[in-house]
Amino acid sequence: MMGWPQATQPSACAGHIAGTTALMAKPLKLQQGQVWRLGDQFLRITRLERLAVEYKASAGQAGKEGKVQQATKKGFCRLIKGAVLLPAAPMREPNPVRPE
Numbered sequence: 806m807m808g809w810p811q812a813t814q815p816s817a818c819a820g821h822i823a824g825t826t827a828l829m830a831k832p833l834k835l836q837q838g839q840v841w842r843l844g845d846q847f848l849r850i851t852r853l854e855r856l857a858v859e860y861k862a863s864a865g866q867a868g869k870e871g872k873v874q875q876a877t878k879k880g881f882c883r884l885i886k887g888a889v890l891l892p893a894a895p896m897r898e899p900n901p902v903r904p905e
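Here the sequence shown is numbered in the working numbering, starting from 806 and rising by one per residue.
Hints may be right or wrong, so weigh each one.
[What the hints assert, rightly or not] The list that follows gives simulated cross-link-like pairs (lysine to aspartate or glutamate, EDC-like), each with its CA atoms no further than 16 Å apart:
(1) Lys-879 / Glu-859
(2) Lys-879 / Glu-905
(3) Lys-878 / Glu-898
(4) Lys-878 / Glu-905
[Claimed, not checked] Ranges of calculated distance between the beta carbons of each label pair, as one might list FRET restraints:
(5) Lys-878 / Gln-846: 13 to 21 Å
(6) Gly-838 / Pro-901: 22 to 30 Å
(7) Gln-866 / Pro-832: 21 to 29 Å
(8) Asp-845 / Pro-904: 22 to 30 Å
(9) Ala-864 / Pro-892: 13 to 21 Å
(10) Lys-834 / Asn-900: 29 to 37 Å
FYI, nobody ran anything at the bench for these hints, they're computed from the structure.
Glycine included, every Cβ here is placed at the ideal spot set by N, Cα and C.
Required output: the full structure, derived from the provided sequences and hints.
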């Protein structure tokens, strides 16, 4: 009776390809308000849902003017492949309240 062959090495799914360990990119989590730079265009996520992303594409980082567009999460991830995630704007400290 022939049995299934026993696996002696980890599978390619475990990150091993031809005896070498492949480097995997750290997964990123999409969040509302993120700004991505793709060439000379900036993409800001305005609304994030389970399966869809609404974003504003603009020429400037501020994104005051621009066209609001929608895409599936999968489509948006393909769009931003090769784009750079810009750091979040620092939170401003509130002014202290002075007693009167």
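Outcome of the hint check:
no.: 1; hint: Lys-879 / Glu-859; verdict: 12 Å, holds
no.: 2; hint: Lys-879 / Glu-905; verdict: 55 Å, violated
no.: 3; hint: Lys-878 / Glu-898; verdict: 33 Å, violated
no.: 4; hint: Lys-878 / Glu-905; verdict: 52 Å, violated
no.: 5; hint: Lys-878 / Gln-846: 13 to 21 Å; verdict: 19 Å, holds
no.: 6; hint: Gly-838 / Pro-901: 22 to 30 Å; verdict: 26 Å, holds
no.: 7; hint: Gln-866 / Pro-832: 21 to 29 Å; verdict: 25 Å, holds
no.: 8; hint: Asp-845 / Pro-904: 22 to 30 Å; verdict: 50 Å, violated
no.: 9; hint: Ala-864 / Pro-892: 13 to 21 Å; verdict: 20 Å, holds
no.: 10; hint: Lys-834 / Asn-900: 29 to 37 Å; verdict: 32 Å, holds
Hint violations for this structure: numbers 2, 3, 4 and 8, all remaining hints satisfied.
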